[in-house]
Amino acid sequence: MLDDARLSDIASSEASLRRFLHGLPGVDQTGAEARAATLATRSIKTTAKQYAIDLAISMIDLTTLEGQDTPGKVRALCAKALRPDPSDRTVPRVAAVCVYPDLVATAVEALGGAGRTVKVASVATGFPSGRTSRAVKETDTREAVAAGADEVDMVIDRGAFLAGRYGAVFDEIVAVKQAAGDAHLKVILETGELATYDNVRRASWLAMLAGGDFIKTSTGKVAPAATLPVTLVMLEAVRDFREATGRQVGVKPAGGIRTTKDAVKYLVLVNETAGDDWLDPDWFRLGASSLLNDLLMQRQKLATGRYAGPDYFTLD
Amino acid sequence: MAERLAVKKTYKLYVGGKFPRSESGRSYEVADAKGKFLANAAWASRKDARDAVVAARKAVPGWAGATAYNRGQVLYRVAEVMEGRHSQFVDEVAAGEGLTRAKATALVDESIDRWVWYAGWADKIAQVVGSSNPVAGPYFDFSVPEPTGVVAVLAPQRSSLLGLVSVLAPVIVGGNTAVLTASADRPLPAITLSEVLATSDVPGGVVNILTGTLADTAPILAAHMDVNAVDLAGTAGDAELARSLELAAADNLKRVVRAPEAEPDWIAEPGLERITAYLETKTVWHPVGI
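Respectively, the protein sequence lines represent chains A and B.
With this note's numbering, the residue at position 225 of the first sequence is 225, and numbering never jumps.
With this note's numbering, the residue at position 142 of the second sequence is 142, and numbering never jumps.
Note that these hints are calculated values from the structure, not bench results.
It is possible that part of the hints are untrue.
[Said to hold, decoys possible] From chain B, some residues computed to sit far from chain A (all C-beta separations above 12 Å):
1. Leu38
2. Ala222
3. His224
4. Ala248
[Said to hold, decoys possible] Some, not all, of what chain A presents toward chain B, calculated at C-beta under 8 Å:
5. Tyr100
6. Ala303
7. Arg306
8. Tyr307
9. Ala308
10. Pro310
Because the structure is a prediction, the values reported are computed rather than measured.
Yeah, the Cβ is synthetic: ideal placement off N, Cα and C, and Gly gets one too.
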């Protein structure tokens with residue numbers, strides 16, 4: 001059990017952080033991959049599939065993070081977030097729209113301002129590489145929140161993490177958390193650059209110790225992005241963290257999740273690893289864009305019995 | 001010397017340029033006209049049909065975007081490879097349709113010639129069915145044929161090679177991609193054609209060949225919203241099935257090529273109807289320059 005005194009002790013110095021993170025048990029790579037692969041073979045059919053599809057839709061952070069994003073594109077994305085399938089009112093709304101900081105105001109307005117039901121998430125802190133100064137990162141975060149972002153997706157300094165400067169990464173997350181104020185903080189680990197599952201486990205704990213509300217796999221700009229084994233390791237980390245501290249942290253795999261089959265595999269993984277407390281948009285999100293149309297097509301297939309085609313859904 | 005053991009064949013599907021087993025794991029026995037065992041063929045399920053449509057859709061941009069000249073060259077190359085498999089086709093047509101070798105040879109010759117005939121149309125069809133239209137203004141006005149997209153082809157049940165070529169070649173010559181269900185009882189020439197296609201220059205996914213019964217896959221293909229046209233040739237003689245498939249196809253306004261009441265012998269000169277059935281006309285206005 002990690003009480004407050006023990007937590008502040010861990011965070012007190014670079015050396016104690018390293019001692020704690022390196023004291024975490026190592027990840028059995030083969031075991032994690034085999035476990036993820038086994039869970040991925042679960043067959044989810046009929047009513048369970050219907051439930052899974054609607055749950056997955058309600059967990060999506062509908063994302064557009066391109067240099068070519070325009071206010072028009074963001075407004076179209078917001079319209080889609082509010083009413084994913086204009087021909088079917090029973091489709092749930094997505095959880096959030098995820099954009100660059102300069103488009104937050106546009107998204108807030110398009111989603112209905114203060115009383116909106118779909119949240120606005122903004123990437124910040126020099127996304128996607130995070131290679132800017134602390135001051136720039138804090139300003140980036142404050143501006144996003146001032147523009148109305150409900151959630152901030154920050155990237156960690158992978159260079160510092162891989163060099164073993166855990167204290168620097170920790171302090172930065174704390175600083176960004178402070179700059180974000182009431183906004184939910186999602187910490188992007190960029191697992192594709194962390195090289196080992198042990199590092200993923202350490203980065204997960206580091207982000208949670210520093211106060212992150214969510215840990216997120218990837219920016220979507222680095223391959224591989226989210227994978228099942230990496231998400232498994234992160235789900236184990238949030239489960240163990242809650243057991244040790246009593247605080248629940250969410251998980252968000254992002255990037256490369258394109259099909260309903262993929263999404264359902266993640267839901268199975270959540271249920272079997274962290275438990276059904278996490279099967280909720282408040283605690284699990286899917287960062288995706290093209291996934292939504294596939295979910296809608298599968299939903300229509302279940303409703304009508306015929307396979308749907310992409311021509312009949314909006315582009316995003 | 002010991003007698004050599006027979007090598008019994010178990011064929012697979014042809015989807016996306018690969019030869020996968022049926023997702024269902026099922027297969028069925030193919031017999032010759034006298035009921036003697038010939039080979040095992042894969043028994044495609046509705047999910048195989050779905051996967052084939054995905055593969056066909058993926059192949060559309062590349063194939064429709066290739067130059068007409070290039071498509072013609074690729075299709076001619078198919079005829080060359082078919083020629084190399086000539087005797088195998090003769091064996092399969094003779095066994096499946098219960099014909100003499102001489103008659104089967106004539107059918108195979110005609111099939112390859114027909115493929116070449118269609119290949120030639122690749123870069124000529126636009127001149128014949130396209131037009132330059134006179135308009136009341138300073139514009140060039142052109143109408144050009146464009147492929148419609150993914151076409152589901154239910155191949156003829158009786159004519160296992162000539163009928164097959166006569167329905168498949170006109171679909172792909174115009175730049176469409178095809179999901180074809182082979183004759184249920186006589187699938188071997190279609191399977192051999194898939195091996196021909198895999199070893200010629202046709203990109204994977206342009207032609208996908210399913211074997212099995214129409215009952216498993218045809219209703220799925222006819223109702224599929226991502227299929228743009230359907231050729232019902234294989235339902236000739238089964239008016240009820242044809243009617244139900246036409247109804248299913250109406251949902252997304254598929255182009256439907258209806259089946260004749262009884263299957264023809266496919267010997268007659270084909271004409272352009274089957275090519276133009278899967279083409280849409282695009283008309284562009286362009287200002288006349290100074």
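Consistency of the hints with the structure:
Every beta carbon of chain A lies more than 12 Å from that of B:Leu38, the smallest distance being close to 33 Å; the non-interface claim holds. The claim that B:Ala222 is not at the interface with chain A is violated, since a C-beta of that chain comes within 12 Å of its own (minimum 9 Å). Its closest Cβ contact with chain A, about 4 Å, brings B:His224 to no more than 12 Å, contrary to its assignment away from the interface. Residue placement check: B:Ala248 does not keep its beta carbon more than 12 Å from all beta carbons of chain A (closest about 7 Å).
The interface hint given for A:Tyr100 is broken, as the beta carbon of that residue sits about 29 Å from the closest beta carbon of chain B, more than 8 Å. Because the closest C-beta pair between A:Ala303 and chain B is about 12 Å apart, greater than 8 Å, the hint is violated. With a cut of 8 Å, the hint placing A:Arg306 at the interface with chain B holds, because the nearest CB-to-CB distance is about 4 Å. This hint holds: A:Tyr307 has a C-beta 4 Å from the nearest C-beta of chain B, less than the 8 Å allowed.
Given the 8 Å rule on beta carbons, the hint for A:Ala308 holds: about 5 Å separates it from the nearest Cβ of chain B. Hint status for A:Pro310 relative to chain B: holds, with the closest Cβ pair at about 7 Å, below 8 Å.
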